[in-house]
Amino acid sequence: MSPTSAPAGTQLAGKVIVVSGGARGLGAAFAQRIVERGGKVVIGDILDDVCKQTAEDLGDGARHVHLDVTDPDQWAEAVAHAEREFGSLTGIVNNAGISTGAFVEQDSLENFRQVLDINLVGVFNGIRAAIAPMRAGGGGSIVNISSAAGLTGLPLTSGYGASKWGVRGLTKITAVELATDRIRVNSVHPGMTYTPMTSPIGIETGDGKYPNTPMGRVGVADEIAGAVAFLLSDDSTYMTGAELAVDGGWTAGPTVAYTMGQ
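So in numbering that gives the first Met the number 0, spot 44 of the sequence shown is number 43, and the numbers just go up one at a time.
Keep in mind that a hint or two might mislead.
What the hints assert, rightly or not - Each pair of labels, with its calculated beta carbon distance range:
| hint | residue 1 | residue 2 | range |
| --- | --- | --- | --- |
| 1 | Y237 | G86 | 25 to 33 Å |
| 2 | E82 | T9 | 20 to 28 Å |
| 3 | Q52 | R112 | 25 to 33 Å |
| 4 | T151 | T236 | 23 to 31 Å |
Honestly, the hints are just simulated from the structure, not real lab data. Here the structure is a predicted model, which means the values were calculated and not measured. For glycine and all other residues, C-beta sits at the position ideal for the given N, C-alpha and C.
My request is simple: use the sequences and hints to build the entire structure.
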C-alpha cells in the first residue's frame, strides 16, 4: 500500500529529530517547522544561550544541547539526549556551517581546513552518530544542508564551495550504503537566503532585490524549512540520494532578462 500524506499539522508526528546549528537562522526555522508539524526536536549549537532560548520558545516539543559538530563525542551525546528525552531518533538535519569568501589563491590553508572541518567533517560525524540508533529503530531520514554552491562553481567560495560539493557527494554515498537499513539520506541546496549569516553582506528581501536569480529575490528561512520537513516526513519515503535546489532558480540558468541583454 502506498503511503498517504498526513495533514500538515501532523506531518512529523512521532518523529524525533536532532538539528545541528539550530540556535538561529535556518536551523531555528527547521526546528520550528518540526514542532509545528507535530514532531520533537533537539537543537544543537555552540551558541548555548541562544540555543536554550530557541528551545524554550518552541515549548515542550523542543530540547537543547551543546553541540560542536567537529567533535564526535558531542554528536553522540546529542543523539543520546534525544533518545533520553523523547525515546528514539528518527531524523537528523546536518545544518551547522560557516561561510567565508576568498579566491583560492588568497585563501589560507588554515581557513580552508576550518571550513571543511565544520561544514563537511561535521556532517560526517552527524551521519555516523545517527546510523546505529536509526538502524535499531527500523530506519530514519538524514537531511544534509548543502548549498547552491554545491551544485555549481561559484567564485570566492573556495573552502565553502568545496565543503558543500563534499556534502552533496557524501549524501549520495551514504544514501547508497544505508538504503537497505531504510535510512534515507538527501541533501537540500539553498540559494541566497536571508539569515543572520548572510545579512552582513547587505542582501535584502523582496521582489527585484536580487536579480541574480530568475525569481529576482533572496529566499527566507521558512521556504527552506518546507523542503526539509518534506524530506523528514513519510511523504518522501521513496526518496534517497536526491538533491533539492531551493534557490529561486539560481542554478537552473541565467534569467531571461540577462540572456536577452547579451
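Hints, verified against the model:
The hint said 25 to 33 Å for the Cβ distance between Y237 and G86, and at roughly 27 Å that hint holds. Hint check: E82 to T9, Cβ distance near 22 Å, so the stated range 20 to 28 Å holds. A C-beta distance of roughly 32 Å is found between Q52 and R112, which places it inside the suggested range of 25 to 33 Å. Checked against the given bound of 23 to 31 Å, the beta carbons of T151 and T236, roughly 29 Å apart, stay inside it.
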